[in-house]
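One line per chain: the protein sequences are Y and D, in this order. The working numbering runs 364 ahead of the 1-based position in the first sequence. The working numbering runs 364 ahead of the 1-based position in the second sequence.
Treat the hints loosely; a few may be bogus.
Copies of the same chain look alike in the list, so a pair counts if it works inside one copy or between any two.
[Stated by the list, open to error] For lysine-lysine, the following BS3-like pairs were computed, each having C-alpha atoms within a straight-line distance of at most 27 Å:
{"hint": "1", "residue 1": "484", "residue 2": "583"}
{"hint": "2", "residue 1": "654", "residue 2": "484"}
{"hint": "3", "residue 1": "684", "residue 2": "535"}
{"hint": "4", "residue 1": "684", "residue 2": "536"}
{"hint": "5", "residue 1": "583", "residue 2": "536"}
{"hint": "6", "residue 1": "684", "residue 2": "654"}
{"hint": "7", "residue 1": "684", "residue 2": "484"}
{"hint": "8", "residue 1": "684", "residue 2": "649"}
{"hint": "9", "residue 1": "654", "residue 2": "536"}
{"hint": "10", "residue 1": "649", "residue 2": "535"}
Calculated from the structure, these hints are not laboratory results.
As a plain string of letters, each chain reads:
Protein chains: 2
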Amino acid sequence: MFEVLARDPASAARTGRLATNHAEIETPCFMPVGTRGAVKGVAFDRLEAWDCRVVLANTYHLMARPGLALIERAGGLHAFMGWPRAILTDSGGFQVMSLASRRRITEEGVEFRAPEDGTKHFLTPERAMELQSGFGVDVAMALDVCPPFPAERPQIEESCRLTLAWAERSKKTYPGPGLLFGILQGGTHEDLRRRSAGPLLDLDFPGYAIGGVAVGETKSAIREITELSAALLPEDRPRYLMGVGTPADLLASVRCGVDLFDCVLPTRNGRMGHAYTAHGEIAIKHERFKEDLVPLDPACACPVCRRHSRAYLRNLFVLKDFSAPMLLSLHNVFFYLAWMRRIREAIAAGALASLAGPPEEKLPDGA
Amino acid sequence: MFEVLARDPASAARTGRLATNHAEIETPCFMPVGTRGAVKGVAFDRLEAWDCRVVLANTYHLMARPGLALIERAGGLHAFMGWPRAILTDSGGFQVMSLASRRRITEEGVEFRAPEDGTKHFLTPERAMELQSGFGVDVAMALDVCPPFPAERPQIEESCRLTLAWAERSKKTYPGPGLLFGILQGGTHEDLRRRSAGPLLDLDFPGYAIGGVAVGETKSAIREITELSAALLPEDRPRYLMGVGTPADLLASVRCGVDLFDCVLPTRNGRMGHAYTAHGEIAIKHERFKEDLVPLDPACACPVCRRHSRAYLRNLFVLKDFSAPMLLSLHNVFFYLAWMRRIREAIAAGALASLAGPPEEKLPDGA
Numbered sequence: 365m366f367e368v369l370a371r372d373p374a375s376a377a378r379t380g381r382l383a384t385n386h387a388e389i390e391t392p393c394f395m396p397v398g399t400r401g402a403v404k405g406v407a408f409d410r411l412e413a414w415d416c417r418v419v420l421a422n423t424y425h426l427m428a429r430p431g432l433a434l435i436e437r438a439g440g441l442h443a444f445m446g447w448p449r450a451i452l453t454d455s456g457g458f459q460v461m462s463l464a465s466r467r468r469i470t471e472e473g474v475e476f477r478a479p480e481d482g483t484k485h486f487l488t489p490e491r492a493m494e495l496q497s498g499f500g501v502d503v504a505m506a507l508d509v510c511p512p513f514p515a516e517r518p519q520i521e522e523s524c525r526l527t528l529a530w531a532e533r534s535k536k537t538y539p540g541p542g543l544l545f546g547i548l549q550g551g552t553h554e555d556l557r558r559r560s561a562g563p564l565l566d567l568d569f570p571g572y573a574i575g576g577v578a579v580g581e582t583k584s585a586i587r588e589i590t591e592l593s594a595a596l597l598p599e600d601r602p603r604y605l606m607g608v609g610t611p612a613d614l615l616a617s618v619r620c621g622v623d624l625f626d627c628v629l630p631t632r633n634g635r636m637g638h639a640y641t642a643h644g645e646i647a648i649k650h651e652r653f654k655e656d657l658v659p660l661d662p663a664c665a666c667p668v669c670r671r672h673s674r675a676y677l678r679n680l681f682v683l684k685d686f687s688a689p690m691l692l693s694l695h696n697v698f699f700y701l702a703w704m705r706r707i708r709e710a711i712a713a714g715a716l717a718s719l720a721g722p723p724e725e726k727l728p729d730g731a
Numbered sequence: 365m366f367e368v369l370a371r372d373p374a375s376a377a378r379t380g381r382l383a384t385n386h387a388e389i390e391t392p393c394f395m396p397v398g399t400r401g402a403v404k405g406v407a408f409d410r411l412e413a414w415d416c417r418v419v420l421a422n423t424y425h426l427m428a429r430p431g432l433a434l435i436e437r438a439g440g441l442h443a444f445m446g447w448p449r450a451i452l453t454d455s456g457g458f459q460v461m462s463l464a465s466r467r468r469i470t471e472e473g474v475e476f477r478a479p480e481d482g483t484k485h486f487l488t489p490e491r492a493m494e495l496q497s498g499f500g501v502d503v504a505m506a507l508d509v510c511p512p513f514p515a516e517r518p519q520i521e522e523s524c525r526l527t528l529a530w531a532e533r534s535k536k537t538y539p540g541p542g543l544l545f546g547i548l549q550g551g552t553h554e555d556l557r558r559r560s561a562g563p564l565l566d567l568d569f570p571g572y573a574i575g576g577v578a579v580g581e582t583k584s585a586i587r588e589i590t591e592l593s594a595a596l597l598p599e600d601r602p603r604y605l606m607g608v609g610t611p612a613d614l615l616a617s618v619r620c621g622v623d624l625f626d627c628v629l630p631t632r633n634g635r636m637g638h639a640y641t642a643h644g645e646i647a648i649k650h651e652r653f654k655e656d657l658v659p660l661d662p663a664c665a666c667p668v669c670r671r672h673s674r675a676y677l678r679n680l681f682v683l684k685d686f687s688a689p690m691l692l693s694l695h696n697v698f699f700y701l702a703w704m705r706r707i708r709e710a711i712a713a714g715a716l717a718s719l720a721g722p723p724e725e726k727l728p729d730g731a
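With the sequences and hints as input, model every part of the structure.
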C-alpha cells in the first residue's frame, strides 16, 4: 500500500504513494487539520480543487460531539463531513493529555472529563479502535501516551511502556477498514526512542508516526528527535511526524525521511493574521503593510494572492472583518499544499539539495 | 443603459439589463453587501463563479479606512477590492445617520465623528461625489438624508427638502465614471413621497433608489411605501430598493416593479446561524437539527448543501467552529442569487404569478 517512488541522493528524503480506501496520497504530504470535521475557514470544494487528497480529523473532538452513533448513521465520517477523499484520525490520546481535565491513566486506558460539559469518558485502545473503525477512516492511529514536556525520565519510560502495550492491543483489535499506524514515543531521549522502536516494529504496522514531538522542546531538539526517529522506522513504510510544523520545519523533516505531516499552524495562524510566504512569515496587521499594494506572496497562485493586496487584507484585519481570517487561512493552506508539491517535484527531479525553504524567522518588521 | 426586457402581465414586475462599465447587470438583481470591500465570508472567486455581476460597498466605511488616497493609488476600488465586475456604492449618508455619533446636519452637509476613533468628518454632496468618483464605481448614489423612524412630520419634510437640494448638487458635481442614482425619501407619508418624486425626476437621473425604507416600520408599511414609491419612479429607469430584505420581501418588491436590491441579511444572519431555505428560515443551532442528516435546503445546489447536513452544520455552530458562520454565509448568498435568478426566469416565462416565495415566518420550531 506504500510505494517509494524516488529518492533524494543527498538526504533521506523520498517521494511515495500511499494507497488508501478513498485516495492515493502522494508523499511527502501535508494534511490540513479538520478538528471537528471541518478545516477552519477552508471549504472542502476548495481542498478538492487544490488536489488535497487527505485531511486529518480529531477523534477526541468527534467522539463526544456529534458522537459515533450519529456519524455511523450518516454513513461514516466521510459522508458526515462531506469529504470524499482520505481521512486520517488521531487516536484521541494526544488531546486527552493536552485538553482534558482530571485525566487518570491506568494500565487499562485513560479516564477523563471533557472540559466542555464535564462528562466522564474512558478511552482505551479498544475504544479508540472502535471509534476510528466506526468512523470508517482511511488511516487510524493506535492509542498512545504522549508525556508532557518537560517530564521526568521515569514518566517517559512509563509512557513508552504503555504506548507499546496499547499499540499491541490496538493492533489486535482494529478491524479496519483503514490502515492502522503505530506511534513511536520516547521524549527527547535517544535511548528510549531506540528501545521503543524494536518492539513497535515487531508489531508490523503498515505505517508509523513519530509522536511526542513539538510539545515544547527547542527547534534543535525537535530536529534531532525527528532525524533519529525517522531513521529508526522502516524504509518501506510511511513515516508521519505528528503536529509539525512551519514550512521550513516540513522541508527539514522531509530531508530526514518524513512522508506525512499535519499541523494547525496554517489555519490557526491565518485566523490570527499571520501569513506564510516564500520570504517568511508576515503579521498582516503590522503598520508596515498599510499601503503595501502587493499580494501576500507575489509568486502564490491562490485565490487570495491573485486578487488581494496586503493593504486590503490588513484593512480587513484591523477592522476585524469576518472575511479577513478566512482569506488568510485560504492562503496559508494553499501555500502549504503548494509547498509540499514543490518539495515532491524537487525530489523527483533530484534537485532537493538546492531547494531553500522560507526563512524560519518572521520578516524583520513583521511581528 | 437600462433596457426593460420582459414584463409580467399580472404585476409591475419586469426583467431588464443595466449596462455598466464593468458588467451587464440582469435585473431583478440582488447585490451582496461588501461593507469594507469584502463580502463577509464569501470570497470573490465564488461570487464570480455564481454569476454575481455586482456587489455593494459602503462609502462611509471606505472613506476613513483605507481612505480615498490609497484606493486611488491602487487603481480604484475594483483593483483595491480585487473585484472586476460592477460595484455600487451608497453615498455614506445612511451610515452617517445610523452609526456616527454627534452628527450635525446643516444645509451644507453633515458633520460627524467616526465612532471608531473619534475623528471628525464633514460629508457634503460634493465630497460624496468626489469619493465615489475617485473609487471609480459603476453606480454612485446621491447624498441623501434618511430620517430616523419614527420621526415627526416636520423632520421628514426637512429631510425631503435637503435630499432634493443635495440630489441637485450631487448631480451637478458627479463627473462619472459611473451612473449616478437619485434617492427618493418621504418616510411613510404618501404625500411627501409624491411631492418629492416630481423635482427628483426633473433631475433626470439614470436610475432611482427608494430610500428610508426598512428602518423600523412594520412589514405592511414597508410594502405600501415600496409599492407607492416604485410607481412614482419612471418605467424606463432601474429602481433600487435600499436595504431590503428577506427572500419573500424581494419577491413582493419585484412585483411592485423593483429591479435592484441590497441587504446584509444573508451574510449577517448566516454568521448568526440562520439559513434561508425554500421552506423558510432555519436557526441551525436549534436542538431539532441535532440528528437531521439532510442539507439546509435539499433543492439547493450550493457547495454547502451539496456536501453537508444540518446535523453537521449544527455541530460546528454549537461548538463555535470558525467554518460554521462561513458555510452558512456561503449558502445564504448563493440562495439569494439563485432566488433572484428564479424570479427573472419566472418573469421571462410569464409565470411569476404562480411563483410562491419562501414563507415569511421561521420554521415553527426553528427560532
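Now the hints, each set against the structure:
1. With identical chains, the CA atoms of residue 484 and residue 583 are never at most 27 Å apart, being 36 Å at best within one copy and 50 Å at best between copies.
2. In the homo-oligomer, the alpha carbons of residue 654 and residue 484 lie at most 27 Å apart only across protomers (21 Å), although the nearest pairing inside one protomer, at 49 Å, exceeds that limit.
3. When the C-alpha separation of residue 684 and residue 535 is checked against a cutoff of 27 Å, the pair qualifies neither within a copy, at 47 Å, nor between copies, at 35 Å.
4. In this assembly of identical chains, the alpha carbons of residue 684 and residue 536 never lie at most 27 Å apart, being 50 Å within a copy and 37 Å across copies at closest.
5. For the identical chains of this complex, residue 583 and residue 536 are neighbours neither inside a copy (36 Å) nor across copies (65 Å), given an alpha-carbon limit of 27 Å.
6. Within a single copy, residue 684 and residue 654 get their C-alpha atoms as close as 15 Å, which meets the 27 Å cut-off; across copies the closest is 31 Å, which misses it.
7. For the homomeric pair residue 684 and residue 484, the shortest alpha-carbon distance between copies (22 Å) is at most 27 Å, but the shortest distance inside one copy (37 Å) is not.
8. In this assembly of identical chains, residue 684 and residue 649 lie within 27 Å of each other by CA distance both inside one copy and across copies; the values are 10 Å within and 24 Å between.
9. In this assembly of identical chains, the alpha carbons of residue 654 and residue 536 never lie at most 27 Å apart, being 58 Å within a copy and 34 Å across copies at closest.
10. Proximity of residue 649 and residue 535 under a CA criterion of 27 Å is satisfied in neither setting, with 48 Å inside one chain copy and 39 Å between copies.
The structure fails hints 1, 3, 4, 5, 9 and 10 (numbered hints given earlier, in ascending order).
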